[in-house]
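Got chain A sorted already, so can you dock chain B onto it with the hints?
There are 2 protein chains.
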Amino acid sequence: MSLQASELFEEFQQLSPSEFFRKNKQMLGFSGKIRSLTMVFHELITNSFDAAEEAGILPEVKIDIQKLGKEHYLLRHTDNGPGIPEKFIMRVYCSMFAGSKFRNIQSRGQQGLGCSGCVLLSQMTTGKPAKVSSAYIEDGKLKGIRMTFKMDVKKNKGLLMEKEEFIPISTGVSIELQFKEVAYSKAEQGAFEYIRRTMVGNPHAKIIFRDPEGEKYVFKRAADIVPVLPKEVLPHPKGVTADDLIFMAKHTDKRRFRSLLSSSLSRMSENKLKEIEEITKIDLNKRPKSMEWIEAEEIVQAIGKMNFMAPPTSGLIPIGNEQIEKGMKEILKPEFIQATTRRPVSYRGGVAFIVETGLAYGGDSGRIVNEQRKSEIMRFANRVPLTFDQGSCAITEALKTVDWKRYGIKSLDNIPLTIFVNIISTQVPYLSTGKQSVAPEPEIVHEVRQASMIVARKLQKYLRAKKAAEEKEMRSKIFEEYVPLILREAAILAETDVPEYKEVLSKVTHRALAELFGEDPDKAEEIGLADDRADEEDDADEVVNFDEKIEKGEDSDSLDQYFNE
Amino acid sequence: MSLQASELFEEFQQLSPSEFFRKNKQMLGFSGKIRSLTMVFHELITNSFDAAEEAGILPEVKIDIQKLGKEHYLLRHTDNGPGIPEKFIMRVYCSMFAGSKFRNIQSRGQQGLGCSGCVLLSQMTTGKPAKVSSAYIEDGKLKGIRMTFKMDVKKNKGLLMEKEEFIPISTGVSIELQFKEVAYSKAEQGAFEYIRRTMVGNPHAKIIFRDPEGEKYVFKRAADIVPVLPKEVLPHPKGVTADDLIFMAKHTDKRRFRSLLSSSLSRMSENKLKEIEEITKIDLNKRPKSMEWIEAEEIVQAIGKMNFMAPPTSGLIPIGNEQIEKGMKEILKPEFIQATTRRPVSYRGGVAFIVETGLAYGGDSGRIVNEQRKSEIMRFANRVPLTFDQGSCAITEALKTVDWKRYGIKSLDNIPLTIFVNIISTQVPYLSTGKQSVAPEPEIVHEVRQASMIVARKLQKYLRAKKAAEEKEMRSKIFEEYVPLILREAAILAETDVPEYKEVLSKVTHRALAELFGEDPDKAEEIGLADDRADEEDDADEVVNFDEKIEKGEDSDSLDQYFNE
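Residue numbers (our numbering), protein chains in the order written: chain A, 1 to 565; chain B, 1 to 565.
In isolation and in its complexed conformation, chain A is listed as follows (with noise of 0.2 Å):
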C-alpha cells in the first residue's frame, strides 16, 4: 500500500500565471454574477484613466453593454487614451503579471493582471475571443491595427486570429468582450454604481455609458483640469530591505555600490553615502554584483540608524479638495459639502502616503434603504472605487473608531451623507490580488480617522449653525408678526396713525436676535459659518510631517523614534 515518492511525483506540473488564476478566478475578484461584471467595469475603466493620464489627455470612456440572452453580455470599452503600440496589444489583454506599472508611482493598476483578467473571464464563459482597435502614434505618424484573438492559457500569451489595419482619426483603444454567468444591476455592489463612485473620485473625466435597456448616461466632467502627472520617484531608504539591496545590485547596470544606492534610492545625497561608509565600515566603491548579505544588512542598520529627509511627495498627486467637492456636488447634489487632503505621511518607515476625506450632507447624499436615506461609505484608493471586501479595509476600520456622537452625528443609520475617503501612494498595500481592500496599516488607519473627524467637525458646524437658523428665524417671525399687531393696536388705542416702523423694526430684531444667541449685535447681519481652518488640526496631534520638521531642523528625536518604531 506503501507508495514510493517517484509515483507521488509522476504528476508534477508547472502551471502557468492565467492556468492557475483560470482555476481559482476568485481570486481576480470574479466571483458572483454581480461582482464579476463590476470587476471587468473596474479593469477596463482603470486602465483607461490611468493610459489617458500618463500621456497627459482628459479621460474620456465609452461604454456599451448589451444584452444578448439571459446572463449573456457583450461590452464595448473605448478610451481615447494614448493607443497600444500593436507588439504589446496581446501582452496586455493576454499575460498575467505583465504591464509597464511595476514602477515606484502612482497608478491605479499595478499588478498587470486586470485586463487580462477580463480577456481570461470573456473566455471562459463564452469561448469568443477579443476583439481590439489600437490608435497610437508612432515614429510621428497615427497608425491603426484591429486585432482579434484568444488567450493559450496554457502558455500565458495571445493567440492571433485576425488582425488589419486601419485608419484612424485619432488614438485610443476599443475592446469588445463577451460575457456569460454574470448580471448588470444598479445595487450597490453593481457596475452603475460603481461608474457613479468613479465619476465622484475623478471629476476630470467623462464617462458615456449606455446600459443593457438602451438608456445613455452622460457622467459629465466637474473639472476641465488634467490631474497633474504623478512623477515615478525612487524609494525612499527608510523602506528599503536587505533583500530590496540584493535584488537591485543583481539587475543594476552602475558599478560601484555608491552609484547603486545614489540611483535606486531618494535623499542620498553625497552626505548620506558619507555616513554609511562611517558607520558600516563598507567601501562603497565596491562593485554592486559583489554585494554580500551581510553588508547590504549593515547598509539597512545604518540607514535606520540615520536621519533622511522624508520621502519625496512630488510622486503624490491627491485629488485635491476643490476637485472632491466639484466631484461630489456633481453626483450627490448635497446642501453641505466639504473635504480635506492630509499632507503626505509613510506607513511601513519610507512609503508615502496622502488621505483625503469629503463629506456630503443632504440632497442626494447616502444610499436608500427601504425608502430611506442611510450614510454611505465610498472608499477609493488611487481615485480607484473599492466596492468589495470593506470589511477587513484600513478605512473602515478607522471609520469604525470616530465617535460620530461627538460630532453630532447619532446614528449613521438615518441621515443622508457619504463619506469619501481616498488613500493616494505609489504602494498601495491592497490586501488580496482582487484589489478590493486596503491592509490596515497603523499609519494609515491613523491618517483617515484624523481627516475623517476634520470634516466631521465642519458638518457639526454646519449643522449646528443650521439649528441655530432655523430657530432664530422662528423667534424672528414670531417678533416681526406680533410686533406691527400691537403698534397697530397702541395706534388704535391712542387714536393715531401707525408709524413707520419698518426699517427701525428689522434692526432691532436682528439686533435683540443677535444677543439673544451670544453673538456681537454690531457684527450679526446673516449667519454665517466662521472660517476656522486654524483648529483644524487640534486632533492632529500625533501627525508627524516630514518636510517641515526637517527643513526647520527640529525635533530629529522624534522623528527618528517614528522611523525606528
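Chain copies aren't distinguished; within one or between two, either way the pair holds.
Calculated cross-link-like contacts (lysine-lysine; reagent style DSS-like; alpha-carbon spacing at most 25 Å):
#	residue 1	residue 2
1	157	250
2	289	150
3	128	286
4	289	274
5	326	186
6	154	23
7	254	154
8	70	305
9	155	23
10	128	155
11	70	25
12	87	155
13	25	128
14	329	466
15	157	23
16	131	87
17	87	154
18	254	150
19	216	62
20	154	286
These are computed hints drawn from the structure, not numbers from a lab.
Computed from a predicted model, the values in this text were never measured in an experiment.
Chain B in isolation, oriented as in the chain A frame:
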C-alpha cells in the same frame, strides 16, 4: 507634454510568479510578524501531512525553532513522509504554481505556492539559502540527498549552491530555514496555537515541537489509524463548464468526444452518452480537437437537463465522529464532547463536500481571555486549521445564524466551549491565495449550520441532565441525611433498637426521586443520556442525500430541482 504610446510602453515587463509574490507577499498570507511565522508552520506541516498520507504513512513531524536574535529565528522541520526525488526538490521549494496537487483530490494543499512561499520569505528576510535533506526510495533503493539552494526570483527556479549524497535510515524530508522580522507567539493566531489546532483536526498525527525557549512539547497520537487514502475522483458532469470541456478536448489523448467525456467525467455511462447524443444531435464519434464552443455549450446544456447520480464521494474522507472526539479529548480534556459528520452533498452543482462539527464543553475547552473562559471557534478545511480572515468565512457566517439561546447557551462569551468545524472537499473554494477563509457558498453555509445545531442540541441535553442530576443529588442527600435521624429519634421514643435500614433506604430514595423526575422507577438507577441519534436530523430537513435517493430510485424530481437551482 503629450506622450506617445511607444514611450509609455518602454518599461513594459513580464514578471515571473515569484517576482509578483516577492512584491506582494501579503497575498501569500505573509503580513505581520506573528502571522507570517504561523503561515510558515502552516505550509510546512500541511505539506508533510499530505505527503505522508499519500504514501500511506502515519505522519510524524519534528519542529525545532531557535531564536538567533531579535525577531530572528532558525526553523528545522523534519517529516517521515516518502521524501522528494532529487530532481523535484528545487521545483517544490523554488517554483511558484508548481506541484503535484492540481488533481481533483482531497488534499490540504492545492495551489503549489506554500513551500516556495516559505523559501521566498526566508530569502527575503535573511538572504540565507534553504537547506533540504531528502530520503526517498527510487528503483527500490533508499537514497539520500542534501541540497543547499537559493531561489532565482526572476526565473521562478532554484539556484543550486551545494549538494551531497548521504545514507539515510528511513524516508522523509528535513528543511532548515532562517527568518527575520517574524515573531513566535502563544497567542490565538500564533504558531503554538496553530500546532494545537492541527492536532485536534489530525488525531492520527504526531508532532514533537521544541519552542524558542527550549521547552519540548510532544503532541501524541490520539488514534493509530492512517486515514483512508482519498481517491482522485473525476469531476461531476453537473459541475463542468463549456470552457472546461474545450480545455479537456484540447489537451486530451482520447480520439472521440465519447471517450473524452467518459474518461474525464464521473457518472458518464454509455446510457448517458446516448442521452447526450439524442438531445444535442452531436456525433460523439468526432475528434476532440475539432470541438467547437457551441458544441461544448450544447453538451453542457444537455447535461443540465439530465439526471445523474450524485458526485462520487469515495474521494471524500472525513475525519469521522470517533476521531474528532478523540482529537478534542486529547487536547481539551472536556467534560462533554459530541461530534457529528454529515452526509456528502454538493455546492456549485457538482462539487461534493462534507461538513463535520464537534462541540467540547468544560475542561480546557474555550480560550482564556482576561482570566475567563470564553467559547472559541476552530475552523478547518480538509483538516487544516484556518487561523485568519474569519470575517468573511462560510463557517463564521453559518455559526452567526445559529440561535444559540435555543440550545440553552445564553451567550457564547461566557462559556467554556470549543466549536470545531471541518469542511472536506476535493475543491475547497478558498477566498484568497492565503487560503484562510472559505467562500460562503449557500450549500456550505447551510451544512455548517445544520451540523452545528445537531451538536448544540446534544450539549443542551447534557446540560439539562447535568442540572437535573445536581438537583437530584441535592434532594437525595437531604433525604438520606434526615431519614436516619427520624429513625433514630423514633427508636428512642419507642425504646427499641434502630433497625437495619441502609439498603432499603437507598432503594426507596432512588425510586422516590425517579418518580419525582418523571422517570421509570424500575429502570432509573443511574442518570443517563439516552441515545437519541434517531432525532438528530430534526433540523436537517432540506438536506439531499443523493446516493440513497438514487439507489432507491425515488424522488428524482426533487434531485433534479436541486441540480437545476
